[in-house]
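Visitor: Kindly produce the complete structure, drawing on both the sequences and the hints.
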Amino acid sequence: MRESGESNERLVCAILAEQVSNLRDKMDASEAFDLLWQTSALLSWLSGLLTDMDRDASQASMLRDRERSEAIAKINTIRHQLDNLAFFQAQRQDFARQIADCVITALERMSSARMPEGTRFASADLAALYVSEDQRRLHEDVLTRLQAD
Amino acid sequence: MPTILVLDDSATMVMSLSHILKGAGYDVETGMNGREGITKLTDGVKPSVILTDLNMPELDGIGFIKEARKIVSARYTPIIVLTTESGGRKRDEARAAGASGWLTKPAEPNQLLSVVKQLCPVK
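Protein chains in written order, with the working numbering: chain A, 1 to 149; chain B, 1001 to 1123.
To be clear, the hints were calculated from the coordinates, so they are not data collected in a lab.
Backbone N, C-alpha and C fix where the C-beta goes; we use that ideal spot for every residue, glycine too.
Hints may be right or wrong, so weigh each one.
Once the Cα atoms are required to be at most 25 Å apart in a straight line, the calculated DMTMM-like pairs of lysine to aspartate or glutamate come out as [stated by the list, open to error]:
id	chain 1	residue 1	chain 2	residue 2
1	B	Lys1090	B	Glu1058
2	B	Lys1090	A	Asp141
3	A	Lys26	B	Glu1036
4	B	Lys1090	A	Glu133
5	B	Lys1046	B	Glu1067
With the C-beta cut set under 7 Å, the calculated list includes, among others, these residues of chain B facing chain A [unchecked claim]:
id	residue
6	Glu1085
7	Pro1106
8	Pro1109
Guide: Structural data, given as structure tokens:
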């Protein structure tokens, strides 16, 4: 009876590992990032174009010059913000991918495919899979909280 | 135009870093792990700066740095580690392997460019 329960748990681990692996593979948002960067590049081009038009304008117009300068400043601000946003999102996605990798590895090891019957997977084994201080800190926080309960 | 070699196993990170560096006037060569980085170097790519992640499949960042330092053309090339790892032990390990600097993710684009420009100004 116990053996059957254990093999069921191992089966669940194996299935969950595949599910998380599938989810991780879908996490790649390159197309969305590509669109952000294309927009950023377009804004950069527009800013340059406006600067060139400003330089080549034959007739001076204070109002038009001011509007053009404001437009260039606004374009550059938005472009800068888009670049920052894309870079931060890319790093956030990288964090998510890393923890997904960690969960997949842990589940695979807990499944029948990777561990002999009766073997246990300890929290220290999980901690050995971490690749960032954030992951280790959270792990320690959870251990402390559970031990206090 | 100076070349920067970017190594990261995340396609999104590679694209993101490439975009930022190209926008600042650099040529960018990329690889998805340390092994691809070594292949680039032995194929004749001569980067002015190398940006590498630590946790990569096949050959990780530390392994890459050790192997890159054996290649004559890359012996003195600045290698910056860009990683989520912020632990002192890993940092010491990277320094001992031959890393020149360390940036912890999440980093800001300006922070990254400031380091790269210090090592390799764009003319």
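Visitor: Work down the list of hints and note, for each, if the structure agrees.
Guide: Here's how the hints hold up against the structure:
{"no.": "1", "hint": "B:Lys1090 - B:Glu1058", "verdict": "holds (18 Å)"}
{"no.": "2", "hint": "B:Lys1090 - A:Asp141", "verdict": "holds (22 Å)"}
{"no.": "3", "hint": "A:Lys26 - B:Glu1036", "verdict": "holds (24 Å)"}
{"no.": "4", "hint": "B:Lys1090 - A:Glu133", "verdict": "holds (11 Å)"}
{"no.": "5", "hint": "B:Lys1046 - B:Glu1067", "verdict": "holds (15 Å)"}
{"no.": "6", "hint": "Glu1085", "verdict": "holds (6 Å)"}
{"no.": "7", "hint": "Pro1106", "verdict": "holds (4 Å)"}
{"no.": "8", "hint": "Pro1109", "verdict": "holds (5 Å)"}
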